[in-house]
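There are 4 protein chains.
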Amino acid sequence: MANVAMLGTGLIGLFYTMALSGKRSRDRVVVVQGRDAAKTEAFARKHGIPRFTTHLEEAVSAPDVDLVVVGLPNHLHHEAVLAAARAGKGVLCTKPLARTAAEAREMLDAVENAGVFHGYLEDLVYTPKTLKALQSVRAGTIGRVLWTRSREAHPGPHSSWFWTRELSGGGAIIDMGCHCVEIGRSFIGKTVRPVEAMCWGATQVHPIDAEDSAVGLVKYSDGAIAQFEVAWTFRGGMDLRDEVSGTDGTIFLNHWLRTGIEVFSAPGARGYVAEKAETESGWIFPVGDEVAALGYEAMFTDMLDSFETRREPVETFYDGYVVNAITDACYRSIESRRWEPVRLEVWRGSAETSATMELVAHDEQYWLIKREHMPDGRTKLILKDRRTGEVLQKVE
Amino acid sequence: MANVAMLGTGLIGLFYTMALSGKRSRDRVVVVQGRDAAKTEAFARKHGIPRFTTHLEEAVSAPDVDLVVVGLPNHLHHEAVLAAARAGKGVLCTKPLARTAAEAREMLDAVENAGVFHGYLEDLVYTPKTLKALQSVRAGTIGRVLWTRSREAHPGPHSSWFWTRELSGGGAIIDMGCHCVEIGRSFIGKTVRPVEAMCWGATQVHPIDAEDSAVGLVKYSDGAIAQFEVAWTFRGGMDLRDEVSGTDGTIFLNHWLRTGIEVFSAPGARGYVAEKAETESGWIFPVGDEVAALGYEAMFTDMLDSFETRREPVETFYDGYVVNAITDACYRSIESRRWEPVRLEVWRGSAETSATMELVAHDEQYWLIKREHMPDGRTKLILKDRRTGEVLQKVE
Amino acid sequence: MANVAMLGTGLIGLFYTMALSGKRSRDRVVVVQGRDAAKTEAFARKHGIPRFTTHLEEAVSAPDVDLVVVGLPNHLHHEAVLAAARAGKGVLCTKPLARTAAEAREMLDAVENAGVFHGYLEDLVYTPKTLKALQSVRAGTIGRVLWTRSREAHPGPHSSWFWTRELSGGGAIIDMGCHCVEIGRSFIGKTVRPVEAMCWGATQVHPIDAEDSAVGLVKYSDGAIAQFEVAWTFRGGMDLRDEVSGTDGTIFLNHWLRTGIEVFSAPGARGYVAEKAETESGWIFPVGDEVAALGYEAMFTDMLDSFETRREPVETFYDGYVVNAITDACYRSIESRRWEPVRLEVWRGSAETSATMELVAHDEQYWLIKREHMPDGRTKLILKDRRTGEVLQKVE
Amino acid sequence: MANVAMLGTGLIGLFYTMALSGKRSRDRVVVVQGRDAAKTEAFARKHGIPRFTTHLEEAVSAPDVDLVVVGLPNHLHHEAVLAAARAGKGVLCTKPLARTAAEAREMLDAVENAGVFHGYLEDLVYTPKTLKALQSVRAGTIGRVLWTRSREAHPGPHSSWFWTRELSGGGAIIDMGCHCVEIGRSFIGKTVRPVEAMCWGATQVHPIDAEDSAVGLVKYSDGAIAQFEVAWTFRGGMDLRDEVSGTDGTIFLNHWLRTGIEVFSAPGARGYVAEKAETESGWIFPVGDEVAALGYEAMFTDMLDSFETRREPVETFYDGYVVNAITDACYRSIESRRWEPVRLEVWRGSAETSATMELVAHDEQYWLIKREHMPDGRTKLILKDRRTGEVLQKVE
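Residue numbers (my numbering), protein chains in the order written: chain S, 1 to 396; chain G, 1 to 396; chain U, 1 to 396; chain C, 1 to 396.
The set of hints was computed from the structure by calculation and includes no laboratory data. One should not assume that every hint holds.
Stated by the list, open to error - Chain S is faced by these chain C residues, among others (derived, beta-carbon under 8 Å):
id : residue
1  : S159
2  : V205
3  : K370
As the list claims (entries may be wrong) - Calculated cross-link-like contacts (lysine-lysine; reagent style DSS-like; alpha-carbon spacing at most 25 Å):
id : chain 1 : residue 1 : chain 2 : residue 2
4  : C       : K370      : S       : K39
5  : G       : K190      : G       : K219
6  : C       : K39       : S       : K394
7  : U       : K380      : U       : K370
8  : U       : K380      : G       : K39
9  : G       : K394      : U       : K46
10 : G       : K380      : G       : K370
All residues carry an ideal CB built from backbone N, CA and C; glycine is no exception.
The following block holds chain S by itself, in its conformation from the complex (with noise of 0.2 Å):
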């Protein structure tokens, strides 16, 4: 059981008091700390939470908290870590865990030199068909794995902050790209290093100063590729799908629209249908239950579990610190319009191993390349010669 300290009263700092009563029921959030007084009253109100505070380090430090959850604005991540670092508090923080690799690691650098408990949010990797389809790749479902693509796209954020690049940090990548490059590195496996980045980012419909699409390609030391794809210019709801190549097989994955439920409604839905969706009339998919299909509920299960057996959970502030380096890497690359190293001044994975390629053998001359069925009836061979690279076909 955990006595939490939730910073934080936006759309995050909800859905997360949400996941946390819902799920495990033993937790319960002792105080809640946000900017505006009233505004943090009636949060506290609303949520039965028995405390209220404006003042962060009020919150942090607590005696009866023992956990604090960050569900700031980005550029607040910094400041509160710290603050819960130096109050010797567990410490859990939303993503992105920073706006930059260099700001991360000093947040990493202060859990770890506190040595208290640390949890980096990464909602999307907990989502059941992710938990899923990863336990699927571990298992050798689909061979190894090639190419990832994650995309995340809706037609915007809805606070003012997001906005604005000197809070968020960026635009479209380190907001949602976050997510992307996290999802990609999880079916790639945690412990190959990505090595470099490519990436194009637009502003190409909102007035503002940070890019609102955005499109990476992350190069691993295994030879694989993950391919992010962000946009605030999407029209028609919240597009979050995943696919995953491997030499054996391929995996889908659809988070949100058109994932069971579809309503056609001549008067209207009159109210919520989903998060971001456009359209309350016609056809509209909403969806069974948000906060399970995001992932909260996973994720905190996994945090606080950890956090009472003091294992290290699956997302810890190391990785927030990874992705950073990632984004990062994405920017530069924007600037300078090529790839971009990958600058991890700590990487805790393996060391550098490049692509093989297994060669499967059709007979003692010929490596197999592929075989297919025609559309009259045939089934053909394509063999490449072991000893002269010469590639010719055969009919079976």
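Given the coordinates of chain S, work out where chains G, U and C should sit on it, guided by the hints.
Chains G, U and C in isolation, oriented as in the chain S frame:
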């Protein structure tokens, strides 16, 4: 917090125990009862249950038990519920409540006379998608419900007692039709009286005495029709879908296959893919969080919260009794080959109403039948003369 | 090459004319007949048809016409077909062939006695997906067919005569049930005799005399069941789906909504989206090539190739007659509220057979009922003792 | 009516011959040319083609031929087209037009100097779904196009020459990227200039010299981005999907897997399921009419109608040349690891334009950035001060 006696160690006992410990960690199973001592002991050990027994009475009457969960084969529900009522314990009973309405009636009387808490464990009414859809329907999103289709089909159940008519009380109808009937009834409205039923059932594939395939129609007093389809002959996994048609809209629900995870695996998943999955290689369709997707989580949260606060849960024994009355009518209809009345000695809904048709005015002379955009760009109106009844068309 | 007289200038005449000129450019419509001279002239001009007339006999008996296509309202089929037969011309008639089996029988006799070519324009049997699926079924892909579901539902037809019982012969059953009945029959096998039908039909929404909603079950001599669902009350576009369950597999067909084009449009598509689409903005689901998707192309190719080579097309007037006999039984069943025999004075299929059940041997003592992988990794067998009939389970 | 010389008897020659005879039955293939005399004779016999030859010049210059269809491996396109131009015959060339833009330029010059009809057989621009979607985009359904994604992935091609870099001109990019590039360009608008390209490509699985996997980004002068993904390493069949994002909407296209036919087969389909399908049992996803679904029908109708009426077809050799210029830039980018300009010596589109951003006014003081419905029922506005540039939020 509830102290639970779990009766039954089969698949349903396993799912219930997992859901109970997963969702509300403050409830505890304090004793488990099963027929086979060794298996029951292993079950208790695996799930950290302090005591086990092969005696039903012993489990039910233990002083520290306040809630009995009946996860036994159908023919044992009656005895277990009566024992719980005698012991003055709250009781939750798995579906179907009984094999017949007569049996269900005795169980309903027993818990009501004893004044104990009772809940009917109709999990599919609680899936995240069904809950969301019910909420939509109640908010008027699709207008008045006209027709529902609830379908559950798979290659057949996993325990031998299901296949033995005397023990289960029937075949696919009693096993799965009970889900479908209550889903249809929930969409149409529980206060609307089921009037009559027409059903086809046959033994198409398996060498058994009961029906392995059935289609039924249940007519309600407001003119709505609830259609159900059940089969133990379906190939390809588990087909779990609902459709709802209303005057103003439509809902499609898919709870299982192809709901957002699609996997192709050449070597195969090696192991469990999803309940009733038939293949492990090629294209497979796992489910993210099965226990949540099947409604167990939301169901036990409702049951245990209701138990604690002494309010009525969504599904009570009375609902189980109504479902049995409908399946009874279905079995009679298979024999008589005609519509059969649903015999409800106890009816707690609203008095009979009949369907009312809302006419849409076009102008003072005509009712509007419909409006359609044609491929050539014109819009056509179909009108009915209010006085003469003549139907005519007009191009706008 | 065929010279065609097109009877009818409504939506069906339009689709037919487009399909005829689209697919086999060597056939020509040489004359078109309609009731309204101005509209018929405009139709002829738009589609480059040399002549037009308001006189049916004139169109049918023109010397250069060798094939008559009947695209008229239901109550005019009989007269048009008899005229074509008298004139010794080949004749293709739109669905349903007639309003009753008696009327259909006279039309069948007329063309057979005159010895003219005849084809029944049942387009939905010819959709690319249906053709592919029929081929699969015949190749044994899903084993013996046990159950089919064919559903056609939309908000109602586009011409006033459909809504007038005397002209159309009924409501949604005669309009769309005729498609569904022939689709089910095609999957089960045209030589298998339809034995009896049970049907529910009601007027749920529209102020008309005929049923706007119906569900029917047709039982075949081999034990298979063909279920159909039709509605003029459906909201959200056109729902055109089929399902086929066999002893060894399953087929799902979706012909219309969400078949690979998904569009979100904030401003709206401004104009025609797809047949029966109800919305033009938000999420919409167009169809690529509607004429092909609805089967018109493949149907006319078969009809005209058959006409040229004097072989029998896939769908003849005899098929239309069988369909009418089945819909007749459905209408009788709505009245009698029980199963009604399908009365076929002329039966050209195979003699009555009854369902045979193929038992699967487990070993010398047991039949295998089923095998299932359990969530805990075990495999369970359900067995039936060959001698005692007892059902038991074994874990492998 | 056209008399056609078909060059090539491989899979593409087969598909073309089927489409030519299927769609417009008045055109005829009068001669077929192939390298292998026996195979070519068999091909001619099977498809009812009067003559066959192994000599390209002989086929091309036959007096009764007026249109040459080039269905040969990539390295033979140049020679075949030049021969057709010399003979003064119209010529249709399969994709890619050439291996490089330089080669394409010579072919373009040859046909234009000879004044012969020329068409570029880019079939995927002609699929029923692409045609419908292009029409939507042009009608303004989704606003200004911002981003396109075109993906083609399968387990690798079926003939050995594809796998040999000197013959094909590259790997997955030249084979499939040419489709994706032209699809993206068609959605963005053919008059908009492609400016630069960035591409990753690698040999991840197969023992070949060329890339078997690639991702590319093509930037257009209006700020739009066309992303393509190609792989010969994909497992599970053929993945053929497009996505288009616009300022006002979104389009998703799926041309192949799971587009409305879903089959589960325990015994297996025994034979051909669909192009590049990898499995024949379990869940399989056939395609209704493959030739139509791949665009062959609409493509040849456009080509032959254009040929007859002497208008320009949708895809000409100039388009093929632009595609080659883009794939050239992609290959250079793989080497240089940076954005590379698209070198177009001949540009026939509009002069360079740059992206314009349409600002949406909220009131006189603010621009509207976005509006969102929150889970708690409120509506939030994100606004930008026109003067100070500050971003702020307001709850409506």
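Self-check item: Hints breached by this structure
Solution: none
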